[in-house]
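*Asks:* Note that the protein sequences, when read in sequence, are chains S and X.
Per the numbering used here, the very first residue in the first sequence carries number 358; after that it's consecutive.
Per the numbering used here, the very first residue in the second sequence carries number 4; after that it's consecutive.
I should point out that these hints are in silico values taken from the structure, not numbers from a laboratory.
If you're wondering where the values come from, they're calculated on a predicted model, not measured in any experiment.
Incorrect hints may have been included.
What the simulated footprint calls covered on chain X by chain S, stretch by stretch (three residues with Cβ under 8 Å from a Cβ of chain S suffice, anywhere in the stretch; the number is not a length) [said to hold, decoys possible]:
1. 206-215
2. 236-243
3. 365-375
4. 384-393
5. 402-415
For every residue, glycine included, the Cβ atom is placed at its ideal position computed from N, Cα and C.
Given next are the chains, with one letter for each unit.
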Amino acid sequence: MNDEISREIFDHLVELAALELDPDETEYLREQLNNQLKAIHELEAIPLDAETPIASHGVPYSLEISAAVRPDEWEAYPNPEKIISQAPETSDGYVVVPEIPHTDLE
Amino acid sequence: MMDLCDLSAIEINSLVRSRKVSAVEVLEASLQRIAAVDGVPGKVNGDPKAEADRVHAFITLTEKRARSQAEAVDKKLSAGEDPGPLAGVPLTVKDIFCVDGTPSTAASKILANFVAPYTATPVARMESAGAFMLGKVNLDEFTYGSSSESSAFQPAPRNPWDTSRVPGGSSGGSAAAVAAGESALSLGTDTAGSIRQPAAFCGVVGMKPTYGRVSRYGLIAFGSSLDCPGPVARTVSDAALMLRVMAGPDPRDATAANVSVPDYLNGLEKGIKGLRIGLSPEYFRITFFNAETGELDERELPAEIKAVVMRAAGRLAEMGADIVEDISMPHTRYGIPTYFAISRVEAASNLHRYDGVKYGYRTSEKVDDLRAMYRKTRGEGFGQQPKLRILMGMYVSAAQYSEQYYNRALRIRSLIRRDFDEAFDPQGKYRLQALLTPTTPTTAFPVADVYGDSVLMQYADQLTVPANHAGVPGISIPAGFDQDQLPIGIQLLGPDFSEEVLLRLGRTYEMATSEAEWRLKRPPVLG
Numbered sequence: 358m359n360d361e362i363s364r365e366i367f368d369h370l371v372e373l374a375a376l377e378l379d380p381d382e383t384e385y386l387r388e389q390l391n392n393q394l395k396a397i398h399e400l401e402a403i404p405l406d407a408e409t410p411i412a413s414h415g416v417p418y419s420l421e422i423s424a425a426v427r428p429d430e431w432e433a434y435p436n437p438e439k440i441i442s443q444a445p446e447t448s449d450g451y452v453v454v455p456e457i458p459h460t461d462l463e
Numbered sequence: 004m005m006d007l008c009d010l011s012a013i014e015i016n017s018l019v020r021s022r023k024v025s026a027v028e029v030l031e032a033s034l035q036r037i038a039a040v041d042g043v044p045g046k047v048n049g050d051p052k053a054e055a056d057r058v059h060a061f062i063t064l065t066e067k068r069a070r071s072q073a074e075a076v077d078k079k080l081s082a083g084e085d086p087g088p089l090a091g092v093p094l095t096v097k098d099i100f101c102v103d104g105t106p107s108t109a110a111s112k113i114l115a116n117f118v119a120p121y122t123a124t125p126v127a128r129m130e131s132a133g134a135f136m137l138g139k140v141n142l143d144e145f146t147y148g149s150s151s152e153s154s155a156f157q158p159a160p161r162n163p164w165d166t167s168r169v170p171g172g173s174s175g176g177s178a179a180a181v182a183a184g185e186s187a188l189s190l191g192t193d194t195a196g197s198i199r200q201p202a203a204f205c206g207v208v209g210m211k212p213t214y215g216r217v218s219r220y221g222l223i224a225f226g227s228s229l230d231c232p233g234p235v236a237r238t239v240s241d242a243a244l245m246l247r248v249m250a251g252p253d254p255r256d257a258t259a260a261n262v263s264v265p266d267y268l269n270g271l272e273k274g275i276k277g278l279r280i281g282l283s284p285e286y287f288r289i290t291f292f293n294a295e296t297g298e299l300d301e302r303e304l305p306a307e308i309k310a311v312v313m314r315a316a317g318r319l320a321e322m323g324a325d326i327v328e329d330i331s332m333p334h335t336r337y338g339i340p341t342y343f344a345i346s347r348v349e350a351a352s353n354l355h356r357y358d359g360v361k362y363g364y365r366t367s368e369k370v371d372d373l374r375a376m377y378r379k380t381r382g383e384g385f386g387q388q389p390k391l392r393i394l395m396g397m398y399v400s401a402a403q404y405s406e407q408y409y410n411r412a413l414r415i416r417s418l419i420r421r422d423f424d425e426a427f428d429p430q431g432k433y434r435l436q437a438l439l440t441p442t443t444p445t446t447a448f449p450v451a452d453v454y455g456d457s458v459l460m461q462y463a464d465q466l467t468v469p470a471n472h473a474g475v476p477g478i479s480i481p482a483g484f485d486q487d488q489l490p491i492g493i494q495l496l497g498p499d500f501s502e503e504v505l506l507r508l509g510r511t512y513e514m515a516t517s518e519a520e521w522r523l524k525r526p527p528v529l530g
């Protein structure tokens, strides 16, 4: 198996991604990532010169077709309870989360 | 036998407007069809093998909503008011769009309990045009797949032409629902082919409009530079009608282009004389991932699919188009590798918001702190496809690798775009109005055949993804069947905002083949 993404790199990515994985899925995921990288390596066959620009999207957004800019005005949301009620845990209109890791200052 | 729900949206709308049938009667016909063919809806931890002879398009049936919308249409008609261009038309919506008051799940456990507090612009526009929304239909989890099998809501949709086959994906529920007559129209999304590929697999029409043609407001994001909402329908005219209703600027989406919306229905039948349509050899060679050797092999397109495309070119030529061969599209084969880098970075970024804090799933395990809650919630809530996309996105955009992978892919995207620019350049060598290609490298594959191999699955989109990179519009229309009686789709691609021309070409092809024997076929699931 191509180990470009080694176990060590994989564990680092998992940490960055804030994912806790089952031990039985990690090898499958790592194997799939390495297979996908083989496909990505196909891109190395294309000679690129420095002038080839980056395309952040395909359609060029000329000024003419770009959306008009809206005034930056504050608007009250008509029904905030509807949004807050989706949170897994709330109290008095606040969203409740577990202890936030912190260090007490001396 | 034809039921009301088998009619086109345009026919239904006309019957309802002339009060030959009521919108509620159309609703009843649709509900009967759903009851007859759909089987149990998908649910978290559902049995993937349940009722394997049914379509399973739905996650959530919204009968009450549909009924009040249909009644409102009938009431408007009684009062002599205009009920809108989609009045009485049954609509389903891929469950990747927020619709106020409905579960909006993205087919993921992490959003299984999420009830959207607002409605996506394209849905709102169709509902206010008189369509009634029957429900939310199934898809690959967060749209990440090409078979709909990765849905956390099982059983996943099956192909109405052969329920042992996949309907394609990720808009598999949309294409299956429309093919089986459960709805006349369905709203899908296309990031690499997710409208066109399932449309081809299920023998229906699917269009990916130009990026920015239809607002993404209320669409649960995947690849924000690639995602396009678009129509799934049984006829080209219905797709044109639906696009006309949905398209156009939206103050809530800054990427919704400020381009006026033509009446796509108006010019549909005015002919295609003199239009230049290209065929590119690069769209007749396909790449397959060989899991045993780990290599990417080149193959010829299956002969039956090639024959259907060439026959379609012949038909369009008979109708007056000029067919131009040997169009050079040299970066076509890099579409999937480029996509593996770009879409993963965008997906990883978009998936960071699912953290168990604001909405959706939160782990029920006891945790010591916030970070542990994030990790457990995301680990339990995401299926394997989102996990793969997050991890790959983090890898290829990491500081030490991004030049080699992500930035390289963004540059190659410019080259893919350039292929299209040159093909469509009115002063260029080819001066095309459209490119004609097969939509898919195969017809619908058997359930469980490809799922699990994320590279092979991704290559199912190899002929559709270049248009997403380039932003240009594309349409897949049914054009015949293979020897297994599975539908084959042809694809037309055009320059930015040329939907009108693509729809006209599609409609012309429909008219040219209206007497063809294969047009009489009905999906076997209808009995």
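*Asks:* Evaluate each hint against the coordinates.
*Replies:* Hint check:
1. Three residues within the 8 Å Cβ limit are the bar, and the region 206-215 of chain X against chain S gives 3, so the coverage statement holds.
2. Restraint check on the region 236-243 of chain X versus chain S: 0 residues with Cβ-Cβ distances below 8 Å, three needed, restraint violated.
3. Figure legend: the region 365-375 of chain X, annotated as covered by chain S; annotation consistent (7 residues with Cβ-Cβ distances under 8 Å, at least 3 required).
4. Taking a C-beta to C-beta cut-off of 8 Å, the region 384-393 of chain X contributes 5 residues in contact with chain S, enough for the three needed, and the coverage statement holds.
5. Residues of the region 402-415 of chain X lying with their CB closer than 8 Å to a CB of chain S number 7, which satisfies the three-residue condition for coverage.
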